[in-house]
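Peer 1: All chains, please: the whole structure from these sequences, using the hints.
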Amino acid sequence: MHSNFIAAVKPEYQANIFLLGDASKQKDLEFAESFYSSKKATRKTIASYFLRRKWQSKIQQINPDVVILDGLGMARLLLPVLEKYRQARVLIYFHGQARFQAYDLQMLNKHYSFSLKLIAVSNTLTAQIKENLPRLQVLAIPTYLSLPAVHKQPIMERKPIVFGAVGRLVAEKNFSVLIDCMAQLRDKDINACLKIAGEGKQRNELQGKIDQLGLSKQVKLLGQKKDIASFYQDIDLLLVPSLQEGQGLVLQEAIHYGVPVICSDLPVFKEQLADSGVYCDAIDPDCWSKVCAEHRPAKVRQLLFECQQLQYQQYNNAELFEQNCLVAVL
9 MHSNFIAAVK PEYQANIFLL GDASKQKDLE FAESFYSSKK ATRKTIASYF LRRKWQSKIQ
69 QINPDVVILD GLGMARLLLP VLEKYRQARV LIYFHGQARF QAYDLQMLNK HYSFSLKLIA
129 VSNTLTAQIK ENLPRLQVLA IPTYLSLPAV HKQPIMERKP IVFGAVGRLV AEKNFSVLID
189 CMAQLRDKDI NACLKIAGEG KQRNELQGKI DQLGLSKQVK LLGQKKDIAS FYQDIDLLLV
249 PSLQEGQGLV LQEAIHYGVP VICSDLPVFK EQLADSGVYC DAIDPDCWSK VCAEHRPAKV
309 RQLLFECQQL QYQQYNNAEL FEQNCLVAVL
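Read in my numbering, the sequence shown has 267 at position 259, and its numbers run on one by one without any break.
Among the hints, a few may not be true.
Said to hold, decoys possible - As a list, the in silico DSS-like pairs of lysine-lysine whose alpha-carbon atoms are at most 30 angstroms apart:
no. : residue 1 : residue 2
1   : K298      : K278
2   : K307      : K233
3   : K234      : K209
4   : K167      : K125
5   : K307      : K160
6   : K92       : K167
7   : K160      : K138
8   : K160      : K233
9   : K203      : K225
10  : K92       : K62
11  : K62       : K167
12  : K225      : K307
Since the hints were derived computationally from the structure, they do not count as laboratory data. Treat the numbers as computed from the prediction; the structure is a model and nothing was measured.
Peer 2: Right, dumping it as structure tokens:
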């Protein structure tokens, strides 16, 4: 998403953009200077001291016009260093819910000699940040997904119907509710299976629940999938039960690859899908099983996909994204 952001800026501004954070590992940022540190290092005071010195030297060499800090952690580390660069325009990029501490609020509300803007990847996240930092300029720039063109598989009747889910195996992704949903579908003699792509610290816990409920044939943990296009070709519906998201690009990704989506009723999902969305109470397996059962027929899924595809084309707007990015750096 950072490469898309920088690429959206006119060429005359690209040469003096400096990107700092995890995203700077991306290899395609040819025109943006970048430097990377591990998250563990930024948590340590001594390491932070040396990192600040190292970055100060690097920034002096580059003398950037625009500095993009990838997240709150990088802001904590480098805002003190950037105080010396009055000509710089500093952008802090927020991808998910920020847990502001008192120190963070004091740091961000400080009057700096440089221009400071915050960027959030959704209107929902923008509103959350503004609640904590009402005096600062916060821009909502939903990420534009530039994905390769694909041949979409036709939506057909299939037994069993294959549900899919994608994401880190962590509590906030809430995949546990989908396992309960699959148990209910099995108990109703509905022929269905669930494929979950992703890795994370909850893997053993989720696998234990699958085994305990006797769902080893119905639910598969696939691990990390490098070929995500083939994953989408293998499923009929994407289920997204997240408890929280900064944006949730998996919705856009699925629709791009031709798969309709059922998701939890988060405001950020409603921001993307609007009236084309089918929403479930995130923690209610009864709701999930009912809605999943209703969307087994191919004609129902086809209608849902057609509505969501129209909404996707409006939301994932390259021209608007480019305009917003240019406003952010100027």
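Peer 1: Run every hint past the structure and note whether it holds.
Peer 2: Going through the hints against the structure:
1. K298 x K278: holds (20 angstroms)
2. K307 x K233: holds (29 angstroms)
3. K234 x K209: Holds. K234 to K209 sits at ~19 angstroms (cutoff 30 angstroms).
4. K167 x K125: It is violated: about 51 angstroms lies between the C-alpha atoms, which goes past 30 angstroms.
5. K307 x K160: It holds: about 16 angstroms lies between the C-alpha atoms, which stays within 30 angstroms.
6. K92 x K167: violated (64 angstroms)
7. K160 x K138: violated (40 angstroms)
8. K160 x K233: Between K160 and K233 the Cα gap is close to 19 angstroms, so the pair holds against 30 angstroms.
9. K203 x K225: Distance ~11 angstroms between K203 and K225 Cα, so the pair holds.
10. K92 x K62: Between K92 and K62 the Cα gap is close to 15 angstroms, so the pair holds against 30 angstroms.
11. K62 x K167: violated (58 angstroms)
12. K225 x K307: holds (27 angstroms)
The structure shown violates the earlier hints numbered 4, 6, 7 and 11.
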